[in-house]
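Asks: In case you want the letters, here they are:
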Amino acid sequence: MNDKILAAPLDLDPFVGSEPRLENALTRRINSDPESVQKGLAQLVLTIVELLRQLMERQALRRVDAGTLTDEQVERLGHTFRELDARMTELVEEFGLTLEDLNLDLGPLGRLL
Amino acid sequence: MTQTTFAQRDVALVDLLDRLLGGGVVVAGEITLAVADVDLVHVSLRALVSSVASAQAELPPPAAS
Amino acid sequence: MIDLLAITDADAPPAAPVRLIRAGGLGALCAPASSEPADSDALWRHEELVEELMAERALLPVRFGTRVSGEDEIAALLAERRDEFAAALEHVRGAVELAVRVQPSGAPGSLDAEHDVHGPLRALARDTSIQPGDDLFRAAYLVDRGGVGVFVRAVRRLQERNPGLAVLCTGPWPPYSFASGPRPS
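Residue numbers (our numbering), protein chains in the order written: chain A, 1 to 113; chain B, 1 to 65; chain C, 1 to 185.
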């Protein structure tokens, strides 16, 4: 890792800065857009993720109703969706949005979620 | 570890992140989202469109009210 | 799901678990989708893997975290962007990426990094890409493998001559900043 440094001054402080952490690097990448574009993009991405999550949940519930899963599978699924739900809430908060914000209004096509 | 080693690691990590997350070939329609040091959530837009279509086909017809 | 690591035009089969999926003269180096969390250790392991692959073939690294659903998608990607990838591979063949960042050192001296550091260094590189960031100056240089030593010595000399600047050089990296090929000059 530090053998990637080919030439450096004795004092590395000017380069360590405030942003070496993974989460900050990701935020920085998104934050390089103007605020409205950034928020719109995050909103779109999260909406898609939420849509996918709901689809997966519906498909899983259909299989639970049809009785084609073992008790263990049902329990694992429940746990997974609780995790996903918690993850979605975190993600949404991280971008300063609410779950309501994700329900984009597509005009004549109605609401997305 | 000494303080120098932490600084060296951080400095190299900044350049690594710039490249891995900000550079490289970008494949259109692929979105990747990472939350802090935890999961990588990835959505393929092409896969999503086809899974929406097939999920809708599978849904039971609306119950008669 | 498949993690897409890099694009190449070489036939050489990679070591497992990496696979080469070929279409129309190009290939995609892939691995089964990883379920590990994307922390900094995972990123360094990914980097090591790409560098190992690069030691044996020209490649265009793909952005980290790119995942595709199957081989059909990969074949379609390679067909769609064949010319673009072929040109970019030609552009980076035999070269590595070196990263340079410049900050004020706090000592007195000129702060004209673009003239005093970039000017001399670009002459030693095949291509350069100046990048926005929090630094006074930041750029990536595409340098012939054989020219890395000369480049690094030049960086050190430029540091000595510019006490007002702090100059950092890291690498060699796969050509992340040049994966879209030659820039219009």
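Calculated from the structure, these hints are not laboratory results.
This one's a predicted model, so the numbers in the text were calculated from it and none came from an experiment.
Some hints here could point you the wrong way.
Estimated spans, in silico, between C-beta atoms of each pair [unchecked claim]:
{"id": "1", "chain 1": "C", "residue 1": "Gly109", "chain 2": "A", "residue 2": "Thr89", "range": "33 to 39 Å"}
{"id": "2", "chain 1": "C", "residue 1": "Asp134", "chain 2": "A", "residue 2": "Gly67", "range": "39 to 45 Å"}
{"id": "3", "chain 1": "A", "residue 1": "Thr89", "chain 2": "C", "residue 2": "Ala15", "range": "26 to 32 Å"}
{"id": "4", "chain 1": "A", "residue 1": "Val74", "chain 2": "C", "residue 2": "Arg81", "range": "39 to 45 Å"}
{"id": "5", "chain 1": "C", "residue 1": "Glu84", "chain 2": "A", "residue 2": "Asp13", "range": "37 to 43 Å"}
{"id": "6", "chain 1": "C", "residue 1": "Arg82", "chain 2": "A", "residue 2": "Leu97", "range": "38 to 44 Å"}
Glycine included, each C-beta is placed from N, C-alpha and C at the ideal position.
Asks: If I claimed the Cβ atoms of Asp134 (chain C) and Gly67 (chain A) lie 39 to 45 Å apart, would that claim hold in this structure?
Replies: Hint violated: Cβ distance 57 Å, outside 39 to 45 Å.
Asks: Could you tell me whether the CB distance from Val74 (chain A) to Arg81 (chain C) stays inside 39 to 45 Å?
Replies: Roughly 44 Å apart at Cβ, these two residues keep to the hinted range, so it holds.
Asks: Is 37 to 43 Å a correct range for the gap between the Cβ atoms of Glu84 (chain C) and Asp13 (chain A)?
Replies: holds, 41 Å
Asks: Between the beta carbons of Arg82 (chain C) and Leu97 (chain A), is the distance compatible with 38 to 44 Å?
Replies: holds, 39 Å
Asks: Is it true that the C-beta distance of Thr89 (chain A) to Ala15 (chain C) lies inside 26 to 32 Å, as the hint says?
Replies: For Thr89 (chain A) and Ala15 (chain C) the Cβ distance comes to about 41 Å; the hint is violated.
Asks: Assuming the hint says 33 to 39 Å, is it satisfied by the Cβ distance from Gly109 (chain C) to Thr89 (chain A) or not?
Replies: Hint violated: Cβ distance 51 Å, outside 33 to 39 Å.
Going down the numbered hints, you'll see the structure goes against 1, 2 and 3, while the others check out.
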